[in-house]
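Q: One-letter residues, chain by chain:
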Amino acid sequence: MGERRIGDVVLALEHVSLAFGGVKALTDISFDVREHEVRAIIGPNGAGKSSMLNVINGVYRPQQGTITFRGEPRRGMDPHAAAAMGIARTFQNIALFRGMTVLDNVMTGRNLKIRTSFLEHAIWWGRARREELDNRRKVEEVIDFLEIQHIRKTPVGRLPYGLQKRVELARALAAEPELLLLDEPMAGMNVEEKQDMCRFVLDVNEQYGTTIVLIEHDMGVVMDISDRVVVLDYGRKIGDGTPGDVRGNQAVIDAYLGVAH
Amino acid sequence: MLYREAGQFKTTYAADQQIFPIRQDRIAVLALVFVAFAVVPWVANQYWLSAILIPVLIFSLAALGLNILTGYAGQLSLGTAAFMAVGAFAAYNLDLRVHGLPLPLVLVLAGVFAAAVGAVFGLPSLRIKGFYLAVATLAAQFFIVWALVKFPWFSNDSSSGVITTQKMRLFGKVLDTPAQKYLFTLTVVALLALAAKNMMRSPTGRAFMAVRDMDVAAAVIGIPLMRTKLLAFAISSFYCGVAGALYAYAYLGTVEPEGFTLDLSFRILFMVIIGGMGSILGSFLGAAFIVLVPIGLNVSTQWLNGVLQSGLQWSLPGSLTSNLELMVFGGLIIFFLIVEPHGLARLWQVGKEKLRLWPFPH
Amino acid sequence: MSFFFEVLVAGLLSGVMYALVALGFVLIFKASGVFNFAQGAMVFFAAATYAGLQQEHHLAAWIALPLALAAMVVLGLAIERVVLRPLVNQPQITLFMATIGLAFFIEGMSQMFWGSTPRGLSVGVEDQPFQWLSDRYNVNVSQFDVFAAVISGILVVLLALFFQRTRIGRALRAVADDHQAALSVGIPLQYIWAIVWAVAGFVALVAGLLWGARNGVGFSLTFTALKALPVLILGGFESIPGAIVGGLIIGASEKIAEVYLGPHVGGGIEGWFAYVIALAFLLVRPEGLFGERHIDRV
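Protein chains in written order, with the numbering used here: chain Y, 13 to 273; chain W, 6 to 367; chain X, 244 to 541.
No wet-lab data here; the hints were simulated from the structure.
One thing to keep in mind: the hints can contain errors.
Claimed, not checked - Quick list of simulated restraints, FRET-style, between CB atoms:
no.	chain 1	residue 1	chain 2	residue 2	range
1	W	K357	Y	D208	31 to 41 Å
2	X	A321	W	Q307	57 to 67 Å
3	Y	D215	W	K357	53 to 63 Å
4	W	V304	X	A321	23 to 33 Å
5	X	N332	W	Q354	21 to 31 Å
To be verified - In the SDA-like style, the derived pairs of lysine to any residue whose C-alpha atoms are separated by at most 20 Å in a straight line are:
no.	chain 1	residue 1	chain 2	residue 2
6	W	K172	W	L110
7	W	K15	Y	R148
8	Y	K150	W	A20
Stated by the list, open to error - Chain W is nowhere near these chain X residues, computed Cβ spacing over 10 Å in every case:
no.	residue
9	L302
10	D370
11	V428
12	G509
What you are looking at is a predicted structure, and each value in this text was computed from that prediction instead of being measured.
Beta carbons: idealized from backbone N, C-alpha and C, even for Gly.
Chain Y on its own, in the form it takes in the complex (with noise of 0.2 Å):
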């Protein structure tokens, strides 16, 4: 173990509520995320819970409440602000571009670290030249990191659905980011690809501090890893602790296993 310390709380969401036309996606929730931590949002599909991330990195923007990150209040963010401060995320269905090798994709995630124009991407000489190799390395530390060496060069659309997963993480280390949003990074793995994820999920918290937000599925896995857990159900928010208190949560037990009204 590292010296991994939570610290203060780095993003908060007060009071935000999101709506499609009649739909309520999110009905005032507020939540916070403190520095360092592994944070989860659980809850049965349809609870709002890729809304809440699509929410906190600009996708939508929520009609009610404010988001804060590191000290900064908004009524919402837009996805490049988002990553210009440093959030960078995972999508649910696999969000990579498919056109695109590999170290390609992942170079993409360096994008917002690139200072040369594309004037002198046409010449090649000198300053984007150094720029490249730099981020090159930077990018082959996190294709080292991941174990994903071997698939470097082939087109991502060739590859099996639990590698493809790893190089959206890739992609998203890349941008060495403050906040890493995971929207079900083990969905449709197998428990060896889970417990593969799992650890590289830990390392990346622990080596890099990296705080984390993550939705699973998976209880077992959220119980294992995670600080502390939020749980929605219908666009609220029904739950709030550490996977202690969330076991014993009867409204979380009612949403999960269903009761009568």
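The hints should help you fit chains W and X onto chain Y, whose structure is shown.
A: Relative to chain Y, chains W and X alone:
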């Protein structure tokens, strides 16, 4: 056995990121460049230079421009010919109104003009996608051609906008033989193709492809969609603009706005589809193909006509070739989209893969 | 004032003609998600076939018409079978490019069959103003334009009934909503698509006869597609009422601009003005007047 990369190990990332990582490819490309520059101008006759090689090079450049926009950045444009027209008329006016402007600078500035116009017509891409955008680019096609005809200033008050280009002067020397024009065109096209390759393998190109493959994900990793799309329009139009200027100066000599039709835009799109979307090499293959097919058709129908006339006293209708050309182009587009959407460039790659394994296919 | 009225009516009536071509696009787009750029070429082929049968083979209208219709149906079926079926599940933009190729092919084929020289075509109504309107109100309204508008109106009503009332129409709407779901409840997708293409061929024939009667049957008929595109942008690709309203708006504003704005900029603006209106509109409402707004899910 000759074409193998076995034994060529990359020890640095720089070596791994070369344009042609395989040594045999590098040798082949150098040989090709050598032949194009040092052998062809002496060997090829006037017809080959003026009617085939120069237009192939110019159309390759235009196709390259469209490929950057459509193949790499995923934004379909049907206004390519109009951006070429902007380049041609900008070059003409620069040459006419700014005395002593050297030819390379005329070309660059013409490209810059086209880039600016292209970026303006690319603005709708911020709100709309796919064929909605394609339809929007038709506005560019019709509006630009209309403006060039309607405002006589653009053509120095000639009737219906026809311009006859000035002589091409390079370092005080007039380029007037086909070989000289060919060499000049080849130089410009080679340099711009290299620059395009560099951009497309760099962060610029990756940002384009990211926007093409999945724009939401691109935005989430911090690629600014607006800037990236407009940059794609600008760079693409720069290439089309330079191609348009060369089209007027090195190929036709006399052009009119009405010559830059929607039909020309389509033909350049066909070059990209048949050559290979998202491939620099494909742009060249596609251009060569689209220029050569009508010539081939013409030759074969003439031959057939000769046979029929002497044998059966019967001749084919005169319009047969042009109608056949339409059908062949249309049919080929459909064929390629169904069978090989990555075009000739992919076929070439597959061929190389086979060669790599030859003569032991397993 | 009566002059303005005259311009407006002429614009609206030609708008109906645009809507007629746009209708062919909407039909196919609704059912299969294909933006069929070859619709203009189909209009040309239809008109050339009819005029060719009449004038080359001296057939009476009542024989030539069903033959031309048969040709259009066969063409529609062939397109579905040969071009679109192999491209199922490809990105929309690929399908669009395929139909550009298709347009070239059909244009070449039409001219191969029927020659490249333009022909005249008559449907029995002349492009003359109604005498009594001119006499009494001093307003010129073309008989032909009104005739065309009536025919188009009937066609729209027929199509609407076809969509709303028949079994095939309902299946069609189901397919438009969701291919997979339609397939899973046992709707024969390819059969439906074949029908849609055949109907689109019929619409192209009607458009071809009207446009051909007005402007002559020649290659320029293919440009009717270019007239219909701004209409589609305005009305949305998926809406029949959208095509009608879009057509009327484009037709009217284009004519008015041509008459009142044209002279100040040297004329000839009808080539692009419709696009500018459509674009301006698009920036405000990207899904068109009647189109549906889609939410990107991630």
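Q: Now tell me, hint by hint, if it's right for this structure.
A: Structure-based check of all given hints:
1. The given range of 31 to 41 Å is respected by K357(W) and D208(Y), whose C-beta atoms sit roughly 35 Å from each other.
2. A hinted range of 57 to 67 Å is violated for the C-beta pair A321(X) and Q307(W), which are about 31 Å apart.
3. Between D215(Y) and K357(W) the C-beta distance comes to about 40 Å, which lies outside the given range of 53 to 63 Å.
4. Separated by about 30 Å at the C-beta atoms, V304(W) and A321(X) satisfy the suggested range of 23 to 33 Å.
5. With their beta carbons about 24 Å apart, N332(X) and Q354(W) fall inside the hinted range of 21 to 31 Å.
6. A distance of roughly 15 Å separates the Cα atoms of K172(W) and L110(W); the hinted pair therefore holds under the 20 Å criterion.
7. The hinted pair formed by K15(W) and R148(Y) meets the criterion: a straight-line CA distance of about 14 Å does not exceed 20 Å.
8. Of the supplied pair hints, the one linking K150(Y) and A20(W) holds, its CA atoms being roughly 17 Å apart against a limit of 20 Å.
9. The claim that L302(X) lies off the interface holds: its Cβ sits roughly 22 Å from the closest Cβ of chain W, which is beyond the 10 Å cut-off.
10. For D370(X), the condition that its CB be more than 10 Å from all CB atoms of chain W holds, with the nearest at approximately 26 Å.
11. A cut-off of 10 Å between C-beta atoms confirms that V428(X) is not in contact with chain W; the least separation is 29 Å.
12. Chain W draws G509(X) into its interface by the beta-carbon criterion, the shortest separation being 4 Å against a cut-off of 10 Å.
In the structure shown, a violation is registered for the earlier hints numbered 2, 3 and 12, in ascending order.
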